[in-house]
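Sequences are here, hints too, so could you generate the full structure?
To convert, note that position 11 of the sequence shown is 11 in the working numbering; the numbers rise steadily by one, no gaps.
Hints listed in this document are in silico derivations from the structure and should not be mistaken for laboratory results.
Built from N, CA and C at the ideal position, the CB exists for glycine as well.
Check the hints yourself; a few may be wrong.
Restricting the straight-line Cα-Cα distance to at most 30 Å, the calculated cross-link-like pairs of lysine-lysine (DSSO-like) are [what the hints assert, rightly or not]:
1) K135 / K115
2) K135 / K81
3) K115 / K6
4) K22 / K81
5) K81 / K115
6) K135 / K6
7) K81 / K6
8) K115 / K22
9) K6 / K22
Okay, the calculated beta carbon distance ranges per label pair [what the hints assert, rightly or not]:
10) G32 / T136: 35 to 45 Å
11) R5 / D131: 32 to 42 Å
12) N127 / D62: 15 to 25 Å
13) K135 / P36: 38 to 48 Å
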Amino acid sequence: MASRRKARILAFQAIYAWDAAKTPLSELVSFGWLEPERLEAVEEEHRVFARLLIAGTIENIDAVDAAINAQLLNWSFERLKRVDLAILRIGAYSLLFQQDIPVQITIDEAIEIAKEYGSDDSYRFINGVLDAIRKTRQT
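Right, dumping it as structure tokens:
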């Protein structure tokens, strides 16, 4: 597994919880929702990266959601599956605000997470939306 994938999975799960249950940011970044043995399996540097993704995504949610929504052709934002939306949100945040992370890594990681946690076609959809965000970012 890629070195930061565990962190991205934690961030995706936290953003999902935030959207589904309005879990407070403080609880999300303290990982109080995660089983202790599972949290212990994640290295501290990856916990830090997950916290950055979680807090950054939520703090910039308006810009993140606007970037996603701008790429939804013939599809409404409200129709997005929560799993797909959570993956898109961390991916879009990273593309928009983490300029030090290569674009292809962000997109590839989102695709791999979608393959594991999304529906059969989620990864294609997520790839298309994030690639479109990448293209707008370069202009």
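Taking each numbered hint in turn, which are not upheld by the structure, reported in ascending numerical order?
-> 11
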